[in-house]
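Peer 1: Protein chains in written order, with my numbering: chain A, 1 to 273; chain B, 274 to 1073.
Hints listed in this document are in silico derivations from the structure and should not be mistaken for laboratory results. Please read these numbers as outputs of a predicted model, since none were measured by experiment. Mixed in with the good hints there might be a few duds.
Using C-beta positions, here's what the derived DEER-type ranges look like [to be verified]:
| no. | chain 1 | residue 1 | chain 2 | residue 2 | range |
| --- | --- | --- | --- | --- | --- |
| 1 | B | R734 | A | S243 | 29 to 37 angstroms |
| 2 | B | A594 | A | G229 | 51 to 59 angstroms |
| 3 | B | I491 | A | G25 | 33 to 41 angstroms |
| 4 | B | D992 | A | S197 | 35 to 43 angstroms |
Just a sample of chain B residues kept apart from chain A, beta carbon distances all over 12 angstroms, derived [what the hints assert, rightly or not]:
| no. | residue |
| --- | --- |
| 5 | R313 |
| 6 | L372 |
| 7 | T722 |
| 8 | R773 |
| 9 | S868 |
| 10 | L897 |
| 11 | L939 |
Ideal placement from N, C-alpha and C gives every residue a C-beta, glycine not left out.
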Amino acid sequence: MIPPQFEYYRAQSVDDAVSALRAGGEDAKALAGGMSLIPVLKMRMSSPPLLVDIGALQSLNYVRVDSDQVCVGALTRHRDLMSSAVLRDALPLLADTAYDVGDAQVRARGTIGGVLAHADSAGDYCMVSLLLDAHIVTTDRVIAAQDFFEGFMETCLGSDELITEIRFPVSRGPHTYIKFRRRRSDWAVIGVGVQRSLDDARACRIGLTNAGFTVSRAPEAEEVYSAGGTADDVAAAAAAHASPLADLAGDVEYKKALIAELTRRAITEVGAQ
Amino acid sequence: MTIRLATSETQEAVREAGRASQGPYSGQSVPRVEDSRLIRGQGQYVDDFTTSNVAYAEIVRSPLPHARIRGVDTSAAAALPGVLGVFTGHDIVIELHALLPVIAAGVPNRRQTPPQYPIAIDEAVYEGEPVAVVVADTRYGAADAAELVAVDYEPLPAVHDLDAAIVEGSGVTHADAADNIGWDVALPGEGDVDAAFAGAAVTVTQRIVQQRVCAASIECRSVLADYRDRLTVWNSSQMPHFNRMYVAEGLGLPESKVRFISPDVGGAFGSKMGPYAEDYLIPIASKLVGRPVKWTETRSENLSSTSHGRGQVFDIEAAAAADGTLLAMKIKQLVDIGAYFGRTGANPIVSVQLSGGCYRWPIIEARSIGVLTNKMWTGPYRGAGRPEATHLVERVMDLLAHELHMDPVEIRRRNFITRFPHVNNFGFTYDSGGYHGALDRALDAIDYTGFRQRQADLRARGRFLGIGVGCYVEISGFGPSWQTAADDHEIGLTESAVVRMHPSGAVSVFAGTHSHGQGHATSFAQIAADALGVALADVDVVEGDTSNTPFGHGTYGSRSTPVGGMAVYTACQRIIEKGTAIAAHLLHTSIDDVSFKGGIFTDAATGERRSIKDVTLASYNRGLPDGIEQGMEATAFFDPPNFTWPFGTHICEVEVDTHTGVTKILRYVAVDDCGNIINPMLVEGQIHGGVLQGVAQALLEEVQYSEEDGQRLGGTFLDYLVPTINEMVPTEVYHTVTPTPTNSLGVKGVGEAGTIASSVAVINAICDALEPLGVRHVEMPASPQRLWHLIHDGMPAALR
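Generate the whole structure from the sequences, applying the supplied hints.
Peer 2: Structural data, given as structure tokens:
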């Protein structure tokens, strides 16, 4: 668990970080909370020549509500998200999600921008951002979440492009996020997030965590819901159209059963709210 | 989560123990004296130690389960600045005087014990086997250089499946071997087993698999070796004296010129018994580079290259009469040795020898086959043979009860051993027991009758609750030399202590055991303080350094209190004996008139008294009577006449979510009887940890290998599921107290007890819960995926 040698640069500002990354070339990496990058380095699965540490950029740690938008700074840590009163009011799904990420140590270090940039299919915020059509603000542009995730741990971010903010629509409607885990602080084997509109009881978004190469929405299941389908119908649609990958935690058949069951529970829960 | 401490039952046990030991400390939940240091980060583990000019080693390991090594090119690594040496098997073997030992006592009728070098030479036979050792100025430099060592591997087929491995003509673990059979031994029963089966009302047949697990101690293994005119080795180990003995032999040094120091050890669970390859490689590396060398295992290495536990498969047939009376059992055991014996030989046969459990079996006929495979070797892991035996027999009891339509509790009651001492089917003598009492206590605590009613009510509403009983008797306190020193070349597993009273009256206890979490600094101090009648705070317990402790066997097999504690107690008795003579001299009376109690020597005739403190000072003073040497210290080697045989009943209540396959533990009751209790808090801690470890085997942990090519799958804590505090089982701890006649403290071991019945209590509960769905048996780990398939496979889609 000894990482290979790398240059380390502690950025003083966002601009400073971008120029450092640019100077460092294609393989330079930004280091935020380090909860995924450090283990990758320690196992020598990656050997970036330069790490640009953006962890100290306090200017990117905030939660603001701007009329119908919730703006979250990229370096806002899980712990700050879960304890933000503003967030709890305007986007409780995200606050709940943060509360259930990893363990206390991870929540103290990890950042929302880091999760998105890592783009793990099991990344809870990746699902939430896709679910709510969030916009990801970078040093260069604003990217819709559906365009952001490109494949297995792949995003459209350039090598010198940093996420600075994530913009979610204010969502106060009934919601839930059910994660299935072997141990309390594990990544989700499967997760199902549901956000219902506050105004329209038949408008409901359903997102899936770790149910394929990337996080995904379940549009067919959403349609079944809006057409008045039962929780079982919605669950069946979600499972039927999902393409989970087999791994040590479960084969495809079992994971599809989990998608159906968690969706059924999530829809039942949200319907009851 | 509730962790219940100090139940009223425990308090009763405390009073009982207190009476037995006649001292103020024994039987009390004295806070652990080591905790203040450990919880403030003042613990010192091997990796915390340093000396001047330390260099660092990195081990290059085979990534393949089986390969021929066509060549190792070390030139690029050696050329890296700061690299002091890169050593291959060919370099190491020149320095080697003896190979790694095969612990002979546990290996019956050896067919083959492949010679084990600490490093692969021409053939690598398990993933993680050392292939080269890189030594550099810094740990980072060593890791960088290790990446540059180019090993030319020719992959060979890997042996991994036990059934396939014992078929004649199958592939072999070692290229030059004829087959994979390490041992094949019959343990015939007395009587006609076939006739017993023929006359049975019911018989059951079942395969039971004990999956491989990792010990995953928080502190990984670590070695710091300083080779000069003598060799000093800091080594994270349960048994520093044993490792010194083997490593001295391996390096061709007199044992007296080698010092092993095991400082604080951060967990072991049997996995740090050793000796390991690195215990040889690092001292050799130190010799070759002429500097102290340190190596600390990474977590990845710990999961691949520290011995695995369990890894046994049993094919069982059992027969019972219509009234539930047990008639006979046949067992075929396959033991997954791994590529080398390591310490495998020490325990798997225990699984068979204790397979009868708490019950009277007229006949048990067994066959044990040790199978060599291209995997890390299996070794002792908390319980080491007893969880396997208990799992086996307690599953069999439930299966027989099921066939007989009998309550699982009832079949146990009808077959319990009730008279002690009891000689079991394989010649072991159970010292004392009260199996009905422990069972009754557990049934009462969990309200068994009430549960059955609730279970029926909830089943009607589509919920699946189950209850599982695990009764156990186990072997602890290893062990009497007449049973453990198998031949003239072995040494018996006695234990030692030196107790020294200093002129001030303060006491040092030097013990041959080595605590790695057990709390000897507290429990041994309690024993010594009570025996000598001194204040607990005046006693200091020293362990782990071969230069100041007597030869001892270390800490494993729940032996430290019943064997090591008895050595402490015996040494204290010798001091009292000498003190009595000195006191008689001081009191101008005869020895026969002097009694000792609570630290005071009293002249029965005059009532005049001398404290042990005064007597101790006098022992270092002038004018001692003829024949009495100065000083107040004694050495004792305690050789127990028998093992001790703790027992108990664990009962677990679960609910299985049939939609996801998740098992939730609703309640867990543990009733354990380890004889008299020195420190109830330490005992409860052992039970809590042990239960969690057994439950984790039942639900979470498994080292997995590819069925295709035998490659280990996963290999990090992301996929190897060690339980965390979140997975803690809310264990309700109770005791019955049945002192052992085997030692004068009346104590039995308890370090492993919690693990022994817990995995089967969980599995029995799951089987009970899923019985209406046609599930008869569940293998471990009972993962959600496994249970879901058991429930749903073959079920019409409409019913899912």
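Peer 1: Is it true that B/I491 and A/G25 lie within 33 to 41 angstroms of each other by Cβ?
Peer 2: The hinted range 33 to 41 angstroms holds for B/I491 and A/G25, with Cβ atoms some 39 angstroms apart.
Peer 1: Taking C-beta pairs only, is B/L939 more than 12 angstroms away from all of chain A?
Peer 2: holds (17 angstroms)
Peer 1: According to the definition I'm using, a residue is off the interface if its beta carbon is farther than 12 angstroms from all beta carbons of the partner; does B/L897 meet that for chain A?
Peer 2: holds (60 angstroms)
Peer 1: Take the C-beta atom of B/D992 and the C-beta atom of A/S197, compute their distance, and say whether it sits inside 35 to 43 angstroms.
Peer 2: holds (39 angstroms)
Peer 1: Per the stated criterion, does the least C-beta distance between B/R773 and chain A lie above 12 angstroms, as a non-interface residue requires?
Peer 2: Its Cβ never comes within 12 angstroms of chain A, the nearest being 42 angstroms, so this holds.
Peer 1: Far enough from chain A: is every CB of that chain over 12 angstroms from the CB of B/T722?
Peer 2: It holds; B/T722 is separated from chain A by about 33 angstroms at its closest Cβ, greater than 12 angstroms.
Peer 1: Could you check the hint for me, namely that B/A594 and A/G229 are 51 to 59 angstroms apart, CB to CB?
Peer 2: holds (58 angstroms)
Peer 1: Confirm or reject the statement that B/R313 sits farther than 12 angstroms, beta carbon to beta carbon, from all of chain A.
Peer 2: B/R313 is indeed farther than 12 angstroms from all Cβ atoms of chain A, at 19 angstroms.
Peer 1: Going by Cβ atoms, does B/S868 stay more than 12 angstroms from chain A at every point?
Peer 2: holds (58 angstroms)
Peer 1: Report holds if the minimum CB distance from B/L372 to chain A is greater than 12 angstroms, and violated otherwise.
Peer 2: The claim holds: B/L372 sits with its nearest Cβ about 30 angstroms from chain A, beyond 12 angstroms.
Peer 1: Lying within 29 to 37 angstroms: is that true of the beta-carbon distance B/R734 to A/S243?
Peer 2: holds (35 angstroms)
The structure is consistent with each of the numbered hints, conforming to all of them.
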